[in-house]
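J.: The opening position of the sequence shown corresponds to residue 1 in the working numbering, with each subsequent residue numbered one higher.
Rather than coming from a laboratory, the hints here were simulated on the basis of the structure. Bear in mind that the values here come from a model prediction, so they are computed numbers and not experimental data. Where a beta carbon is used, it is the ideal one built from N, C-alpha and C, also for glycine. Hints are supplied without guarantee of correctness; some may be wrong.
Simulated pairs of lysine-lysine, BS3-like, Cα-Cα distance not exceeding 25 angstroms [unchecked claim]:
#, residue 1, residue 2
1, Lys72, Lys214
2, Lys79, Lys152
3, Lys224, Lys212
4, Lys327, Lys350
Restraint-style ranges between C-beta atoms, simulated for each label pair [what the hints assert, rightly or not]:
#, residue 1, residue 2, range
5, Val125, Glu181, 16 to 26 angstroms
6, Gly277, Thr61, 39 to 49 angstroms
7, Asn249, Glu138, 44 to 54 angstroms
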Amino acid sequence: MENNEYYEEDFFAKHRKDTKKQKKYYQSKDRSKYKKTNLEKKVTEKPLPKEAQKARVLSITGEKVVLDFQGKEYLATLKGSLKKEKTKNKNLIAVGDFVWFVFSDLEGQIIKIDPRIAELARVDVSGKKKQLIAVNIEQIFITVSVVMPNLKPHLVDRFLISSKKGNMHPIVLINKIDLLEDAEEKEKELFNDFVASYEKVFVPILTVSVTKNKGIDRLKQFMKNKSSVFAGQSGVGKSSLINATTSHNLRVGSIVQKTYKGSHTTTKAVLLPLKEGGFCIDTPGIKSFGVWDLQKQDIIDHFWEIKEEGNNCHFPNCTHIDEPKCKVKEAVDIGKISSLRFASYHSLMKEILT
């Protein structure tokens, strides 16, 4: 037995030696070690020309880009090679981007776009690409109104999920608070339920009125020395709020009386420097908002109170939609979980599962 074990061990020792010899032979023939990895390619990226200057994108119209460089505005276009880059984004450049450009004839040429630290993005109309709305921003004011147009909690939740995915701090900004007193009872009830439900899950909420100048000073403090973006439905008063808190004079629209919805006055995103320090971005109003790359886990993590209660469900993989013995639905029935939040959860989860 010992001899057999010896010969077996000797065989595998010899086999290991042969393997090492083969490995050395193939390594000597392998040319891949001379190829640059993606990381090495980034390190050895062609240096920028000495005359290149760093600027920030203020607005985009077609192929024309307005840049802020040392407090002055310059018109520029993207270099041809940048346009050829393959990307999942509908737009290669966005308002808020930091870019490098060189002067060429009467306008600048953008030769590099810096990596982004934050972004507000949505699904484009085709449903296949990411549409960048604004980038490199610290906070998003998810702007809604008490009435005209009506408060939509499910839209707020979409923006809240998008802000987390895009690395932004969200603040829900409720405008037209002066109209609450004369609102219908169901509108008052919706407002009160919304504030109570969302403050309970630690969503920051500011209530303001442009017409009565309520909460405007507080809003200014939130904006000071920060990069902010205002996003929400048409007609909620985003441009009016920016006018009230800054020295800018953006065009504002009125409410269409038949639908009580806002008309589009802002047709493109615009980055505006603030005298007190910082920037703000006004964005076009939207009717719907599709979260880019929305995953089931994004929804679960956002509705954390539903996730916690779901640990008590009869079925471990309960989606809290159609399953029996669901503890989440029981919690909704007794008021432990907000019915508004659950309705948003239900809508988003069905979107993923269907």
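J.: Does each hint hold? Answer for all of them.
T.: Against the structure, the hints:
1. Restraint check for Lys72 and Lys214: not satisfied, since their Cα atoms lie roughly 34 angstroms apart, outside the 25 angstroms limit.
2. For the hint linking Lys79 to Lys152, the alpha-carbon distance of about 41 angstroms lies beyond 25 angstroms, and the restraint is violated.
3. Note on Lys224 and Lys212: the hinted pairing holds, with a Cα-Cα distance of about 22 angstroms set against a maximum of 25 angstroms.
4. Only pairs whose Cα atoms come within 25 angstroms are accepted, and Lys327 paired with Lys350 is accepted, the gap being roughly 19 angstroms.
5. Distance hint for Val125 and Glu181: a CB-CB separation of about 39 angstroms, inconsistent with the stated range 16 to 26 angstroms.
6. At roughly 27 angstroms, the beta-carbon separation of Gly277 and Thr61 lies outside the given 39 to 49 angstroms, and the hint is violated.
7. Hint check: Asn249 to Glu138, Cβ distance near 25 angstroms, so the stated range 44 to 54 angstroms is violated.
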